[in-house]
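Asker: What follows is each chain in one-letter form.
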Amino acid sequence: MCGIVGLHLRDPELHPCLGRLLTSMLAGVAERGPDSAGVAVYGDRRRCPEGYAAVSLLDAPPDLPVPGALVTEAGDTTVVAAPLPVEELLAAVTGARVVGAGTEVTIYKGTGRPLDLARTYDLADARGWQGLAHTRMATESQVTAEGCHPFSVGPDQCLVHNGSFANHASIRRELVAAGVAFDSENDSEVGARFVAARLAAGEDLDKALRALCERFDGFYTLLVTSADGFAVVRDAIACKPAVIAETPRWVAMASEFRALAELPGIDDARIWEPEPERVYAWQW
Amino acid sequence: MTLRESATFDRPTIAAIQRAAETGVYDIRGWGAKRSVPHFDDLLFLGASLSRYPLEGYRERCGTDVVLGGRHATAPLHLDIPVTIAGMSFGSLSAQAKEALGRGASEMGTSTTTGDGGMTPEERGQSRTLVYQYLPSRYGMNRDHLHAADAIEVVLGQGAKPGGGGMLLGQKIGDRVAAMRTLPAGIDQRSACRHPDWTGPDDLAIKILELREITDWRPPVYVKIGATRAYYDVKLAVAAGADVVVVDGMQGGTAATQEVFIEHVGIPILAALPQAVQALRELGVHRTVQLVVSGGIRTGADVAKAMAMGADAVAIGTAALIALGDNAPRYAADYAALGSAAGFYDFQDGRDPAGITTQDPELAARLDPVEGGRRVANYLRVLTQEAQTLARACGKAHLRNLEPEDLVALTVEAAAMARVPLAGTTWIPGT
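Protein chains in written order, with the working numbering: chain Z, 1 to 284; chain X, 1001 to 1431.
Hints listed in this document are in silico derivations from the structure and should not be mistaken for laboratory results. Note that the structure is predicted; figures quoted are calculated from it, not measured. Virtual Cβ for every residue (Gly too), placed ideally from N, Cα, C. Mixed in with the good hints, there may be bad ones.
If the Cβ cut is set under 7 angstroms, some of the chain X residues that face chain Z in the computed set are [said to hold, decoys possible]:
1. Tyr1053
2. Ala1397
3. Asn1401
4. Glu1405
So the derived label-pair ranges between C-beta atoms look like this [claimed, not checked]:
5. Z:Ala91 x X:Gly1284: 28 to 34 angstroms
6. Z:Glu174 x X:Arg1374: 36 to 42 angstroms
7. Z:Val180 x X:Glu1263: 42 to 48 angstroms
8. X:Arg1218 x Z:Asp206: 35 to 41 angstroms
9. Z:Gly112 x X:Leu1050: 19 to 25 angstroms
10. Z:Asp206 x X:Glu1060: 24 to 30 angstroms
11. X:Ala1148 x Z:Ala227: 53 to 59 angstroms
12. X:Thr1389 x Z:Ala177: 27 to 33 angstroms
13. X:Leu1050 x Z:Pro16: 39 to 45 angstroms
14. Z:Glu73 x X:Gly1057: 48 to 54 angstroms
15. X:Ala1148 x Z:Val180: 41 to 47 angstroms
16. X:Glu1060 x Z:Ala201: 28 to 34 angstroms
17. X:Arg1374 x Z:Val180: 47 to 53 angstroms
Partial pick of chain X residues on the chain Z-facing surface, computed with a CB cut under 8 angstroms [unchecked claim]:
18. Ser1051
19. Tyr1058
20. Glu1060
21. Lys1207
22. Arg1281
23. Gly1284
24. Gly1395
25. Lys1396
26. His1398
27. Glu1403
Let the sequences and hints guide you as you build the complete structure.
Answerer: Rendered as structure tokens:
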């Protein structure tokens, strides 16, 4: 059991409202995942300025040796932004538990009630062009900040999952054998690592998620985002709820319609339930 | 006074000593190990509940197909179900039985396998997919049959007798069997325990290349081993070039040999399977080189458990003969006349009342290949449906997505052998 919301803003006039819109969406799925919640914000230049890279860390040590860094703490999460390439920033925080990295995205994770966490993350104040949030009811892994979604295992990538994979142990073994390292026991991380490996190999979101459908068994509604994409896919039975809405100003998805109800122009939006095993991808 | 039987010198042991003393010859039989060994029965599935979701049996797909042999062969086998018929020779079985197995397997879209002694036209004709065994004895081996095969199984050993050869009694060697093997009729035939063309995996690699050259790299090449040092043997089979590795556990039952061999050599499939999977994983070829396991497969639960432990498919022998009619109660009087009973007959003496493990024309005529084929198909259908039932309960849309994490063990022994946790714990002995 989990709740997912995601919003891609096409209209720059809406960018200052990202956090407010996302917070109202998160409120619509808070009951679906009362354990914990995670958020990703793309393009907030106060959190990750132009020309900077940002890493999101859990339980960061107090003295990170990153000169000139912009450090913000939000509950369990610490975001460190610095005018360095992503790889150099990652190298500088070796030893810390990295839960996200990129030049666009900042990620926040923690345990507790979703709306409390939204305040901890200062979500309502976030600006940017894309964001997503996940509320979690843990199934077979512990309620910890590490177990929170989104799983961000490639640059500016995020995956949030509602459901449970049925063959993730086998796929994890294959990925481990191929040299992929894991941070958690969470089945959703296996999906994120699988997609990241595909994207790293040059596939686009559409192709990577088609491959995921081929390989993964079980139940899933997934929202996967990147610096240039926003994609939704569901399992063959479409077990877990999902609704997508689109207007010229934005694309949004949520586990339940009520999470979309307050978006501007929702009355005129094209709204539909995504089909099973069909990838809905927006890339730009 | 209460009589107390000795656990060491129990009645079967006493009878065996008495029989040996009277006859001066060791006992030969089929039917595999009769002793109790840790088996798939000692494992249970963790069905879906709240943390996972089961699939609905009547409308939600649970795939069963499998592709075998794509590593090097240009024409891998595409089977509809992961249950195949194991190698059993024409000679040990009647021509009618071989044909019936082919009919049943073909109806269900799976393969059947020849055996020591060559390929019969009945079997080839009625088998959509026929695996041709290449055996140490070389009985009946010929180039035409290699060309007619859909796959070639190089047999290094069998679960019933790893390290040993077979024994076909003279009464089962009629003129046709003798002609195919180019050996005299009516005289006991021993099959070799090792193939003269290879002394190890280095030579085996050359032999496999030779078979590929003869068949133009078309059919997959399997390597079948009896389960002993499965970890090393599977690695060597892969090194020698196998497309598919077949591991036969000690319960493997249709091969006839000395009783002492059957009961005291080899390991149960439960213990061999994780070794085989470990070997394939370490080589990075698990699922690329397929693993077929056999030796005591009886139910869809056995099929599903073998697949969850990492097998790509299973093979059945004894169970297929039982499906054909072996040990049927309707022949009770005939079994009694042989000094056996329905449920105890262990194949060897050639006077099978059910017409299956015989070359006696009158007995063999009792088995109608069409009816026998229907029974085999029915049984394969049930095995598959049972396996699907369990897979769906575990939330799997395909049998191949079963995994060891779906299993727990009922006994410490099974947990250690199968490398799955003891039920209710996270404890896997030895890890």
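Asker: Work down the list of hints and note, for each, if the structure agrees.
Answerer: Against the structure, the hints:
| no. | hint | verdict |
| --- | --- | --- |
| 1 | Tyr1053 | holds, 5 angstroms |
| 2 | Ala1397 | holds, 5 angstroms |
| 3 | Asn1401 | holds, 4 angstroms |
| 4 | Glu1405 | holds, 4 angstroms |
| 5 | Z:Ala91 x X:Gly1284: 28 to 34 angstroms | holds, 30 angstroms |
| 6 | Z:Glu174 x X:Arg1374: 36 to 42 angstroms | holds, 41 angstroms |
| 7 | Z:Val180 x X:Glu1263: 42 to 48 angstroms | holds, 46 angstroms |
| 8 | X:Arg1218 x Z:Asp206: 35 to 41 angstroms | holds, 36 angstroms |
| 9 | Z:Gly112 x X:Leu1050: 19 to 25 angstroms | holds, 22 angstroms |
| 10 | Z:Asp206 x X:Glu1060: 24 to 30 angstroms | holds, 26 angstroms |
| 11 | X:Ala1148 x Z:Ala227: 53 to 59 angstroms | holds, 58 angstroms |
| 12 | X:Thr1389 x Z:Ala177: 27 to 33 angstroms | holds, 31 angstroms |
| 13 | X:Leu1050 x Z:Pro16: 39 to 45 angstroms | holds, 42 angstroms |
| 14 | Z:Glu73 x X:Gly1057: 48 to 54 angstroms | holds, 51 angstroms |
| 15 | X:Ala1148 x Z:Val180: 41 to 47 angstroms | holds, 45 angstroms |
| 16 | X:Glu1060 x Z:Ala201: 28 to 34 angstroms | holds, 32 angstroms |
| 17 | X:Arg1374 x Z:Val180: 47 to 53 angstroms | holds, 49 angstroms |
| 18 | Ser1051 | holds, 4 angstroms |
| 19 | Tyr1058 | violated, 13 angstroms |
| 20 | Glu1060 | holds, 6 angstroms |
| 21 | Lys1207 | violated, 30 angstroms |
| 22 | Arg1281 | holds, 7 angstroms |
| 23 | Gly1284 | holds, 6 angstroms |
| 24 | Gly1395 | holds, 4 angstroms |
| 25 | Lys1396 | holds, 5 angstroms |
| 26 | His1398 | holds, 7 angstroms |
| 27 | Glu1403 | holds, 5 angstroms |
The structure fails to meet hints 19 and 21 from the earlier list, while all remaining hints are met.
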